[in-house]
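Colleague: Residue numbers (this note's numbering), protein chains in the order written: chain A, 1 to 245; chain B, 1 to 310.
These are calculated hints, taken from the structure and not from any lab test.
Certain hints may be false.
Here are the simulated distance ranges between beta carbons [as the list claims (entries may be wrong)]:
1. Thr60/A <-> Trp84/B: 38 to 44 Å
2. Ser117/A <-> Tyr142/B: 25 to 31 Å
3. Thr187/B <-> Ala219/A: 25 to 31 Å
4. Pro139/A <-> Gln234/B: 33 to 39 Å
5. Pro75/A <-> His151/B: 18 to 24 Å
6. Pro75/A <-> Gly32/B: 35 to 41 Å
7. Arg3/B <-> Leu70/A: 33 to 39 Å
Taking beta-carbon pairs under 10 Å as the criterion, some of the chain B residues facing chain A (in silico) [claimed, not checked]:
8. Asn5
9. Ala104
10. Thr105
11. Arg107
12. Gly140
13. Gly183
14. Gly184
15. Asn185
16. Thr187
17. Val188
18. Val192
19. Ile194
20. Thr196
All values reported here derive from a predicted model rather than from experimental measurement.
For each residue, glycine too, the CB sits at the ideal point set by N, CA and C.
So you can see what is in the structure, the chains are spelled out below.
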Amino acid sequence: MRVSKAILSVKGVSKRFGGLVAVSNLSFDVAEHEMVGIIGPNGSGKTTMMNMISGVFKPTEGRISLRGQLISDLPAQIISRSGVGRTFQLVRLLPGLTVLENVIAGAVYGHRRRWGSDAEGFAHDMLERVGIDAMSYSPISSLTYIDQKRVELARTLAGEPEVLLLDEWLAGLNPTELATGIKLIHALRDEGITVVLVEHVMDAIRSLCDRCVVISSGAKIAEGAPDEVLSDSEVIRAYLGDDDA
Amino acid sequence: MKRSNWQELIWAAVITILAAFWPMLANGYWLGIGVDVMMYVALATSWVLFSGPTHYISLASAAFFGVGGFIVGTGMSDYGTSFWSMLALSAVVGAILAALIGLATLRLSGVYFVIFTLGLAEMIRNLVSWVQNNFLGSRGLYVLTDFSDEHLFWMLLVTSCSIYLVGWIISRSRLGFAMRIIGGNETVARHVGINTSMAKVILFTTTGLFGAIVGAIIAPRWSYIEPNQVFSPQLSFFVVIMALLGGSGRLWGPVVGVIPFLLIWNWVDANFPNQSILVLGLAFLLIVYALPNGFVGRIEDLHNKMKRHS
């Protein structure tokens, strides 16, 4: 598949932690308005890949670029300001702040640099978008798990990212919450945000992703439409072992 | 640290005006207590600027304070310079020192940061002693000025007000909000676009600048200065205890911590001089068991309860 206008491009990226190779020579492109899933067994390097895109780590080798601009040597705050937003595998909220303040935090230091009533209004809009504006003034400790995930997503959206990285955003949700979650991500996609998601929930991958990149032991083993890659014998082997392939 | 509002600023102005009359009402012992109170209000408030929102417990107060006192001492005693020029130099050196410490400790957090700042303050004390003994001749320095306690009191009052005002402005700015986010989670702070290193160094530099100014102002009170006195690690612990006792969640927290602590300390020190350090321990226990958010936290709890009842 020839991807026109790649917004995010990962080229030959490797990450070594001492002797451990977490990601090895990984390359893929993400086109504008596309939704790409990164899947693979536990410990295959998916989150490490996300961390390198968002700037938590720098790649040992290779380049990551956003709209042709190299971002892999920039610090996380600059990457964030240039339009990459993310959520974390384990939800990270600011416990001393209210729900609204948590979301305002996302709006203040982004490229729009909103402040005061502008930031506040925008944060309310984002909370409404994820469906929890009614809880704006609640303390973080009173929220359920899915609501915490919603606050984190609202905070990320408040930064008005062009590329949104969702690291297992649907993990740990019960079936009803999962349906709500998938609907929410669908809505983002319809608004034209480019999304890269790491996910284990196969139903979600099938219904959301245009394309999947499958990683095993840090290396790419398949890439293509979800149904296609999920029936690939090497992918099945990576997930289930030799006997089931 | 929460965002400060106009109401707080008006209260602060009223209290400042009332405090300015203290030297006319009190003299001798009580004026001396007033100078102590003002000195610690200034130090603890400047400590709260950085450590309040970030929860980084700094034990470097004595380093900045000592540098201020020592520069005034060296300048006036050995080089015959004026107090005011040395005061200005102290502020500059204190700020540079704090910026360097800030840069060196960027990657440290939790207990490592605490120990590192304490170690650094001790290192500076020993370094200054060593330089003083080996190169500058005398061990002690004489600071002789015409300032009396009331002048020092007013100078410290002005310093405290400046610190409060700076803190008030910061707490309402993007920088202040950034510090609260950093205190909550630094990874999140970076990912919402905050230059965390820059924010932390700016705030720590402010703390160092004011610490050195306070040290410089207090120097004339002692007349005779030697490094172990101005760099006393006890001062760093006092600042932390008083700030936490008052509550580091609000800019005015230290004020309500300093006054009761110093009154009790002075009373115990006068009557049971060997037991005075006990006050420090008891204050610490009180903070841990009864006042995790200081007096400020208690006052705000009561305020919220009253609001709910009415």
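Colleague: Against chain A, with CB atoms and a cut of 10 Å, does the hint on valine 192/B hold up?
Modeller: Holds: closest Cβ of chain A sits about 5 Å from valine 192/B, inside 10 Å.
Colleague: Between the beta carbons of proline 75/A and glycine 32/B, is the distance compatible with 35 to 41 Å?
Modeller: Taking Cβ atoms as reference, proline 75/A and glycine 32/B lie about 50 Å apart, which means the hint is violated.
Colleague: Holds or violated: the hint that alanine 104/B contacts chain A, with Cβ atoms closer than 10 Å.
Modeller: Given a least distance of 19 Å, the restraint on alanine 104/B is violated.
Colleague: So, threonine 196/B near chain A? Judge it on the closest CB pair being under 10 Å.
Modeller: holds, 7 Å
Colleague: Regarding serine 117/A and tyrosine 142/B, is the given constraint of 25 to 31 Å on their beta-carbon distance met?
Modeller: Between serine 117/A and tyrosine 142/B, where Cβ atoms are some 57 Å apart, the hint is violated.
Colleague: Do the numbers back the hint for glycine 184/B, that is, is its least Cβ distance to chain A under 10 Å?
Modeller: holds, 3 Å
Colleague: Is it true that proline 139/A and glutamine 234/B lie within 33 to 39 Å of each other by Cβ?
Modeller: holds, 38 Å
Colleague: Would the hint on glycine 140/B stand, with a C-beta cut-off of 10 Å toward chain A?
Modeller: Hint on glycine 140/B: violated, closest Cβ of chain A at ~46 Å, above 10 Å.
Colleague: Go through the hint on valine 188/B and say holds or violated, using the shortest Cβ distance to chain A against 10 Å.
Modeller: Holds - the Cβ of valine 188/B comes within 10 Å of chain A, reaching about 5 Å at its closest.
Colleague: Was the hint right that asparagine 5/B lines chain A, CB cutoff 10 Å?
Modeller: It is violated, given that the least Cβ distance between asparagine 5/B and chain A is near 14 Å, above 10 Å.
Colleague: Could you check the hint for me, namely that proline 75/A and histidine 151/B are 18 to 24 Å apart, CB to CB?
Modeller: This hint is violated: roughly 48 Å between Cβ atoms.
Colleague: Does glycine 183/B pass the interface check with chain A, least Cβ-Cβ distance below 10 Å?
Modeller: Glycine 183/B check passes; min Cβ-Cβ to chain A is 7 Å, inside 10 Å.
When each numbered hint is compared with the structure, violations occur for hints 1, 2, 5, 6, 8, 9, 10, 11, 12.
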